[in-house]
Amino acid sequence: MNYEQVILWAALLTVAGILGWGVLTMARGGEYNVKNSNRIMRYRIIFQAIALVVILRLKNHELSKRAGYRKQMVKLNKIYTRTGDAGETSLVNGMRVSKHARRPSAFGEVDEVNSVIGLARLSCTDEAAAFADDMLGRIQNDLFDLGADLATPENGEPALRITEEQVKRLESEIDTMNADLQPLNSFILPGGSPASAWLHLARTVARRAERQMTELASEEVVNDAAMRYINRLSDHLFVLARKLNENGRTDILWRPGENSGQK
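Its first residue numbered 17, the sequence shown is counted upward by one per residue in our numbering.
These are calculated hints, taken from the structure and not from any lab test. Built from N, CA and C at the ideal position, the CB exists for glycine as well. Take these hints with a grain of salt, some might be off.
As the list claims (entries may be wrong) - Ranges of calculated distance between the beta carbons of each label pair, as one might list FRET restraints:
id : residue 1 : residue 2 : range
1  : Asp251    : Gly124    : 19 to 29 angstroms
2  : Leu107    : Pro272    : 44 to 54 angstroms
3  : Gly172    : Arg265    : 44 to 54 angstroms
4  : Lys115    : Gly277    : 42 to 52 angstroms
5  : Arg98     : Asn201    : 51 to 61 angstroms
Said to hold, decoys possible - Restricting the straight-line Cα-Cα distance to at most 20 angstroms, the calculated cross-link-like pairs of lysine to aspartate or glutamate (EDC-like) are:
id : residue 1 : residue 2
6  : Lys115    : Glu235
7  : Lys184    : Glu226
8  : Lys184    : Glu128
9  : Lys184    : Asp240
10 : Lys184    : Asp251
11 : Lys115    : Glu226
12 : Lys115    : Glu170
13 : Lys115    : Glu128
14 : Lys115    : Asp142
15 : Lys184    : Asp149
16 : Lys115    : Glu236
17 : Lys115    : Asp127
18 : Lys115    : Glu231
Let's have the full structure, built from the sequences with the hints guiding it.
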């Protein structure tokens, strides 16, 4: 408990004591004239004001701390540190864990999704695909947020977390794109265009990341919004892959048993 919290509790207890003093005075039939009443009121107002100022300072400190997680840029002055040579890595809170532990496995898969999306963006260079490049750029930034989220065990302290706003943005983009697509009459084979092929690969890696995250969530607390985000992401990449295949017109459809010789 810091000094501001001590002052806050002292002020609140004093206010409570003043109120209790007034109640007991009246209950006992003691002298409680206008002069006493005004004095008690002044004391109460003073200590309530002190409590309010401390509360606002504590709240502002908490908000500033949260904002710091969102705005602070990471500085990488040295690429190799030799601290991972024994097979361990550090989480955001400084905890050392094995590189094959649940958390590094989960955020490692998220990093892989991000890398494949980077390849997909290389095929979104024409004007018609500019909207896709914009969306994928936002998603890549979100995925670093997701990696930071997974690398920070839940302990009640402020931390960079995936938010419901990011999930809803994906859902909105999915709905907008899906409204223009051709009806889906079969499962789709990855391909059609280079961008779509990369997006289908990214989609499957996203599903693998989701499996790692659900495995982690079975043992430790994982942000609910993070779980929803990775689930929506694979849907988003699937719909975007169809969108870039001329709204689904050049999708390659699965034809069940076509090469099996069965009739």
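Outcome of the hint check:
| no. | hint | in the structure |
| --- | --- | --- |
| 1 | Asp251 / Gly124: 19 to 29 angstroms | holds, 22 angstroms |
| 2 | Leu107 / Pro272: 44 to 54 angstroms | holds, 46 angstroms |
| 3 | Gly172 / Arg265: 44 to 54 angstroms | holds, 51 angstroms |
| 4 | Lys115 / Gly277: 42 to 52 angstroms | holds, 47 angstroms |
| 5 | Arg98 / Asn201: 51 to 61 angstroms | holds, 56 angstroms |
| 6 | Lys115 / Glu235 | holds, 17 angstroms |
| 7 | Lys184 / Glu226 | holds, 18 angstroms |
| 8 | Lys184 / Glu128 | violated, 23 angstroms |
| 9 | Lys184 / Asp240 | holds, 13 angstroms |
| 10 | Lys184 / Asp251 | holds, 13 angstroms |
| 11 | Lys115 / Glu226 | holds, 18 angstroms |
| 12 | Lys115 / Glu170 | holds, 19 angstroms |
| 13 | Lys115 / Glu128 | holds, 15 angstroms |
| 14 | Lys115 / Asp142 | violated, 40 angstroms |
| 15 | Lys184 / Asp149 | holds, 19 angstroms |
| 16 | Lys115 / Glu236 | holds, 17 angstroms |
| 17 | Lys115 / Asp127 | holds, 14 angstroms |
| 18 | Lys115 / Glu231 | holds, 16 angstroms |
Going through the hint list in order, the structure does not satisfy hints 8 and 14.
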